[in-house]
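A.B. asks: Residues per chain are reported as follows:
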Amino acid sequence: MMVWHRITTLLTCPAALLRAFFEHILLKGMKIPVEDTDYLQKNELCGHVEHKPIRTFGKSFWHAFLPGFVLFILGLPMAVIPALEMFVSGNTLFNIRTGAVSVLFLLNVVLYYLGVSMLCNLFPSYEDALFLWDNMTKAKVLPKILLFLPTLVIRIGAFFARFGISKILAIAVTLFFIFI
Amino acid sequence: MKELEPTTMTLPKGKRFCTICGEVKKESNFQSEEPHCTKCCEKMLHTKVHWSGILALIATLLCVCGAVFVGIRTIPANVSLIRAMVCAHQNEYGQAADLFEAAQEAVLTSNKSFYSVQELSDMEKDNIDPDPVFTIGLRGWETYAEIYANHVAAYDTAPMLQSNLRKAVYQKSKTYKKYAEIFEAYQKAENVAIQFDQTDGENKNVLKEMFASLDALVEKENSDMIRGYAAYIKANAEYYFNDDLDQTLVLFREAMQYIPFEKSMIANAALPYLMEKKNFEGTKEFCEILLSRDSGDVSTYANLAESYFTAGKKDEAIKTLERMNAHSPGNPMYYKMQSRFAIRSDDAQKANAFCVEGEQVNGQKMEQVFSELLRKRSIDRKDEEFMLSYVDFMANQVVVLLLSGELDGAYNAVYNGAFNYIYYYSSITENTPVVASKILHLVYICGTLSGNDDASEVLSQLGYEPTDVIKQVAEGKMNLHDAFIEGKAGIV
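One line per chain: the protein sequences are A and B, in this order.
Start counting the first sequence at 821; every next residue gets the next number (our numbering).
Start counting the second sequence at 17; every next residue gets the next number (our numbering).
Calculated directly from the structure, the hints in this document are not laboratory data.
Please read these numbers as outputs of a predicted model, since none were measured by experiment.
One should not assume that every hint holds.
Said to hold, decoys possible - Simulated pairs of lysine-lysine, DSS-like, Cα-Cα distance not exceeding 27 Å:
id : chain 1 : residue 1 : chain 2 : residue 2
1  : B       : Lys300    : B       : Lys335
2  : B       : Lys29     : B       : Lys42
3  : B       : Lys42     : A       : Lys872
4  : B       : Lys64     : A       : Lys872
5  : B       : Lys55     : A       : Lys848
6  : B       : Lys42     : A       : Lys851
Using the sequences and the hints, build the whole thing.
C.D. replies: In structure tokens:
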């Protein structure tokens, strides 16, 4: 199944690259040693940055949560706005009034691809998610209660993401909208 | 930085192996339990971010800006479109039609946003539309086709649907194919009619040729749609050129059998003929067809009530108006028709009571609609219907004032009220409604009778020419009773 992860991550490489970049900046900011700065490695760390284990729950939570959150904020308008234009209004490659090739449609296709790519790369590597879970169990009661739900979501999301399920789902949703 | 495996060689005392650089260093070069030396640790803390990441970030931010730019201009239209689709799905076609118009308006506004005020003003003068950068797509137009096939007569919207649906390149959906077939059929039948029309219908042989062409088309295509549209076109031709109402009705009924989804269009086309010929039974039949498709259509109620009244069935006429009022409470058409029937029944007191009540119920709303029209320089369809209906109602108010001898009051009401509304409405929408001629007649009559010639210059500027009957009324040669109560002036 890991091969699916690699294929689908390469399909969404702009967002994978951006996620790794965000992770890198965050790790530098939190003074966590980074072992490998190759953003698109040919293994399951594709789209992530290899780093030394993060020992505290706070740092490991921000490392798992923030890059995905930023990608979500950036990716949502890029996915939703073109989706409305293409799937609700039904705009096509040729302008319906003039018959000429629509630049707006081409822009929408690019934006939709980038937006969906970003929404497909929201979760950290499974290894980081396990570390996060482990750190949470050792954390104090209050942060444990407050951050239990997001941590659980991140762990489940990371589990599915390692099989490339989020990307396959995105492709399926897109095809569904095209053909309904 | 790949970690190295420690060698199996025994290290000298006080020294450690760095898993990053692979060197054996003194213990003091390591931090407590870390497997790498301080120098390597420093290196790992200060790794440089890759240029590709910075490039990706800049490109992403630009794309987000692009998406927001597009979103600001397209989301209002798409939200209206989604709401229209939901309403159409729930068979609320009237509301869906309004929402679709809102979507069109939003698209137009978005396209205008690329131009300066001066450029827009020039384009308006030259009657040029802004470039269609943003458009409603194929799925939007399919919704439109569905709404209008179920709500308003498709005849009125056929050209718009044709120009938009036909130009679309990827026509895969069943909905599109269905409507494309309809308009294909309509256009084929209409082409034959246009050929005939070019001869002004003077030559009866051409009429025969047209009918023969339509029959040939029906035989060749073997399609119910073609049969339906051919019958519809023949029906109109029968009335215009042969003045044969019975045959016209037969053909209209035949058309309804073949193209039942066009019942509203056919009934709307038949109604003026039936009213003109004062055919009560036919009017009743076709009005009921229209009301079965849109039970809130006030114009149809008004036509049906008028037909009952003309046939002497006054109670039925009033009942029909009450039905209309139940569906659309307090609408100006109700008060207009009630006051009209009261005037024609020579019951000035009742007519006056309805005028006062109509004014109380609708006067304030009319002020709002009018100020909105002046502010926005455009008018919504519902408001447009209300305004024209209200102005028609005002014409009756003026007639009531005239009949009660209040000449100055009548002149003020028509010149400062109804005429104002119509004048601004026409200048903004560039559309002269039917009721405008009625108002101009009343301005002329009131102005002449009261000796007030303020309006005469405006009337001549508008190129107004009174008819002989109106001249007689204005000059006092025909009494007001004959003009209005007997209906000779054609105003009430």
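A.B. asks: Decide if the proposed pair is consistent with the structure: Lys42(B) and Lys872(A), CA atoms, cutoff 27 Å inclusive.
C.D. replies: holds (22 Å)
A.B. asks: Compare the distance between the alpha carbons of Lys29(B) and Lys42(B) with 27 Å, and conclude whether the hinted pair is satisfied.
C.D. replies: Holds, because 9 Å separates the two Cα atoms, which is no more than 27 Å.
A.B. asks: With a cut-off of 27 Å on the C-alpha distance, tell me whether Lys55(B) and Lys848(A) pass.
C.D. replies: holds (16 Å)
A.B. asks: For the pair supplied as a hint, Lys300(B) and Lys335(B), confirm whether the alpha-carbon distance does not exceed 27 Å.
C.D. replies: holds (14 Å)
A.B. asks: For Lys64(B) and Lys872(A), compute the direct alpha-carbon distance and say whether it is at most 27 Å.
C.D. replies: holds (16 Å)
A.B. asks: Is the straight-line distance between the alpha-carbon of Lys42(B) and that of Lys851(A) 27 Å or less?
C.D. replies: Holds - the C-alpha atoms of Lys851(A) and Lys42(B) are around 24 Å apart, at most 27 Å.
Checked against the numbered hints above, the structure violates none of them.
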